[in-house]
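*Asks:* Work the whole structure out from these sequences, hints included.
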Amino acid sequence: MDSIIKDVQDTLVEGVKLPEFGAGSTITVHYKIKEGNKERVQLFQGVVIQRKGSGSTETFTIRKISGNVGVERIFPVKSPFIEKIEVNKVGAVRRARIYYFRDRRGKAARIREKRRAVAGK
Amino acid sequence: MPGIIGKKIGMTSIYSAEGKAMPCTIIEAGPCVVTQVKTQEKDGYEAIQLGFGDKREKNTPAALQGHFKKAKTTPKRKLVEFGGMNDLNLGDVVNVELFEEGQYVDVVGISKGKGFQGVVKRHGFGGVGQATHGQHNRLRAPGSIGAASYPARVFKGMRMAGQMGNARVKQGNLQVLKVLTDKNLILVKGSVPGAKGGFVTIEA
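In order, the protein sequences belong to chains A and B.
Mapping to the working numbering: the first sequence position 110 is 110, numbers consecutive.
Mapping to the working numbering: the second sequence position 37 is 37, numbers consecutive.
For the record, the hints were derived by calculation from the structure and aren't laboratory data.
Check each hint, because a few of them may be wrong.
With a straight-line cut-off of 20 Å between C-alpha atoms, the simulated DMTMM-like cross-links for lysine to aspartate or glutamate are [said to hold, decoys possible]:
hint	chain 1	residue 1	chain 2	residue 2
1	B	178	A	14
2	B	189	A	7
3	B	183	A	7
4	B	196	A	7
5	B	189	A	14
6	B	20	A	39
7	B	196	A	2
8	B	20	A	14
9	B	183	A	14
10	B	183	A	2
11	A	6	B	28
12	B	189	A	2
13	B	178	A	7
14	B	178	A	2
Selected chain A positions facing chain B (in silico; Cβ < 8 Å) [as the list claims (entries may be wrong)]:
hint	residue
15	4
16	5
17	13
18	55
19	76
20	80
Ideal Cβ placement from N, Cα and C applies to all residues, glycine included.
*Replies:* The structure is reproduced here in structure tokens:
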């Protein structure tokens, strides 16, 4: 039965092809906003806290500090409003969901960057 | 009411034309075979009986085998009667083309059994609301179920603990989001009673 669900998701939900990213990555989401009849693209840059779910219901949470206030946004991975995603940094984190990151401020809220994978590995 | 028998596959979400994520239930519906036509003269009312889901002949009683043989079909697991489809004949096949996208349907299923449950879960009572001040083991108790020497009885229909779920439930006015004819699938918006793999009937 799960194969039928997957089949339906594959045929009915498209979504754009996104680069690989996970918790700890700093990414910029270009997403379309509809205002009346006009459509424009807005950017949201922040750190990925988690990826959750699978298939067409998968979502990711990104967090940024905007004027000393923490802002988190949850996007569906397959959302048709996402135009593209840029991966700015790949962070070295040890867990899949970095909730502890919410309690960090300023200098403590830095994530060590992952060494780029060596070619061939 | 015209309808069709199906099997609940599970839930997922798809996106509308405006880009909204919509929760939906996938139902594998049909093809169903007309196994009996009931008429005013013979049965006193008009209806047709549909069969869905194959089962083995050795697990079918001889009487039912004869019933299916009359319709020239294999033994079916689930038989349901529907009204308002009297233009069909014995042995005809009904599939998801009965429904079109955007239409509103009712879905009937057997809800998941929850067993014997107390009033807090079964009827949404608040419980006592306090853990201290003399509450010993009354935290989820129903409280008073009536007055004293008048009326000197408990009114009928008083909500109490008991079996919850495992009952026939109809979920009305679900929008049909997609009909996939080649795969015999139908997607309705929102949730549908019953467990995955359970039989449901979809009524127009």
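*Asks:* If a hint holds in the structure, say so; if it does not, say that too.
*Replies:* Each hint tested on the structure:
no. : hint         : verdict
1   : B:178 / A:14 : 15 Å, holds
2   : B:189 / A:7  : 18 Å, holds
3   : B:183 / A:7  : 10 Å, holds
4   : B:196 / A:7  : 16 Å, holds
5   : B:189 / A:14 : 19 Å, holds
6   : B:20 / A:39  : 15 Å, holds
7   : B:196 / A:2  : 10 Å, holds
8   : B:20 / A:14  : 13 Å, holds
9   : B:183 / A:14 : 19 Å, holds
10  : B:183 / A:2  : 15 Å, holds
11  : A:6 / B:28   : 14 Å, holds
12  : B:189 / A:2  : 19 Å, holds
13  : B:178 / A:7  : 14 Å, holds
14  : B:178 / A:2  : 18 Å, holds
15  : 4            : 5 Å, holds
16  : 5            : 5 Å, holds
17  : 13           : 6 Å, holds
18  : 55           : 7 Å, holds
19  : 76           : 6 Å, holds
20  : 80           : 4 Å, holds
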